[in-house]
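Whenever a hint applies, use it, and build me the whole structure from the sequences.
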Amino acid sequence: MKILVSLYKWENPRLCSSESELSKGDKIVIEGEFGPDIGTVLISGIETADNPQQNVLRKATQRDIEAFKKNNTRKNEIVETARKEAKTLGLEMKIVDARSTLDGGNMIVAFTANERIDFRELVKNLSKLFHRSVRMQQIGSRDEARKLGGCGICGRELCCVRFSGNLPSITTEMARVQQIAHRGSERISGLCGRLMCCLSFEAEQYKELLSGMPELHSFVKVKEGKGEVMEINAIKQELKIKTEDDKILTIKKDDLLG
Numbered sequence: 001m002k003i004l005v006s007l008y009k010w011e012n013p014r015l016c017s018s019e020s021e022l023s024k025g026d027k028i029v030i031e032g033e034f035g036p037d038i039g040t041v042l043i044s045g046i047e048t049a050d051n052p053q054q055n056v057l058r059k060a061t062q063r064d065i066e067a068f069k070k071n072n073t074r075k076n077e078i079v080e081t082a083r084k085e086a087k088t089l090g091l092e093m094k095i096v097d098a099r100s101t102l103d104g105g106n107m108i109v110a111f112t113a114n115e116r117i118d119f120r121e122l123v124k125n126l127s128k129l130f131h132r133s134v135r136m137q138q139i140g141s142r143d144e145a146r147k148l149g150g151c152g153i154c155g156r157e158l159c160c161v162r163f164s165g166n167l168p169s170i171t172t173e174m175a176r177v178q179q180i181a182h183r184g185s186e187r188i189s190g191l192c193g194r195l196m197c198c199l200s201f202e203a204e205q206y207k208e209l210l211s212g213m214p215e216l217h218s219f220v221k222v223k224e225g226k227g228e229v230m231e232i233n234a235i236k237q238e239l240k241i242k243t244e245d246d247k248i249l250t251i252k253k254d255d256l257l258g
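Here the numbering used here is used: the first residue of the sequence shown is 1, the next is one more, and so on.
Don't read these hints as lab results, they were simulated from the structure.
What you were told as hints is all true, and nothing was included just to trick you.
Have a look at the derived ranges for each label pair, beta carbon to beta carbon: (1) Ser185 / Gly104: 40 to 46 Å; (2) Phe163 / Glu31: 23 to 29 Å; (3) Gln62 / Ile153: 38 to 44 Å; (4) Leu42 / Ile153: 25 to 31 Å; (5) Asp118 / Lys242: 56 to 62 Å; (6) Ile153 / Ile46: 28 to 34 Å; (7) Leu249 / Pro168: 34 to 40 Å; (8) Gly225 / Thr171: 34 to 40 Å; (9) Ser211 / Thr61: 52 to 58 Å; (10) Ile153 / Lys128: 40 to 46 Å; (11) Leu249 / Thr40: 53 to 59 Å; (12) Ser189 / Lys242: 28 to 34 Å; (13) Glu19 / Ile235: 46 to 52 Å.
No farther apart than 30 Å at their CA atoms in a straight line, the calculated lysine-lysine pairs in the DSS-like style are these: (14) Lys147 / Lys124; (15) Lys94 / Lys124; (16) Lys236 / Lys253; (17) Lys94 / Lys75.
Ideal Cβ positions, reconstructed from N, Cα and C, are used throughout, including at glycine.
Written out as C-alpha cells, the structure is:
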C-alpha cells in the first residue's frame, strides 16, 4: 500500500510504500536518504500512479521511539553551535533546525539562504565537534514557516501547516487576476515573506469569471456611448465605466455592445 508520511517538519510529506497495513498517526521507520528514520503516517491507502520515494521498513517500536528521542536530545545544542560556526565563517545563512537519524549516524541540519552557499567548511567543523556525519539541507522560507507554525492575518492556522500536501507555486499572476496586486507585496505576503498560499485557492475561478471581460482602462461600447473601464467586479460580472461625458455607469458584462 502507498501512504503519505511526515518526516521533517520543514519539508513536504513523502509518498512511501508499505507491505503492511498502517493507519493515520502510526509511527513508522522508513529507509531515508541518510539512514533509517522515524516518520508519522498522515494518509494511508493512497491510490496514485506516482512512484513512492521510500520504503517503510517496519512499524516503529517503543525502543525505536526512545532511541530516536535520545539521538535528538542535543538538537538545540547542534542548532546553536551551527549558527555560531556559520557566523564565524561569514556564511550568509540561517540555521533553522537539526535532526539525527534513528541510528544516530547522521545529522541533518536545515537552513535557509538567499543564494547558494559553500558550506563545506561548516560541515567539516560540525563533524569534528559532534563526531557524526553532517548533511546540510537548504529549505525555502515557506518550509521554515511550516516548521515554526503560527497564524496568518486571517486568524487561522498557516496554510502550509494546515494542508499537508506539496506547497503550490504562488505567482503574482494569481494576485493580479484577483485584482489585489495593487495592494502592494507587503499586504499580500505571509509570515514567510512570500506571497500568501491562499492566493492559489480561487485563482482558477477568477480566471473563469474574467473570461470575456474587457481589460481595466480599456475602452468599450455601451448604449450610452463609448466609455473607459474603471473597475471590474468579477463576482457580480459588473463593470464601472466612465463615459466620454464623464458619467459613471455600472453595467453588466452582457450589456456591452460589440
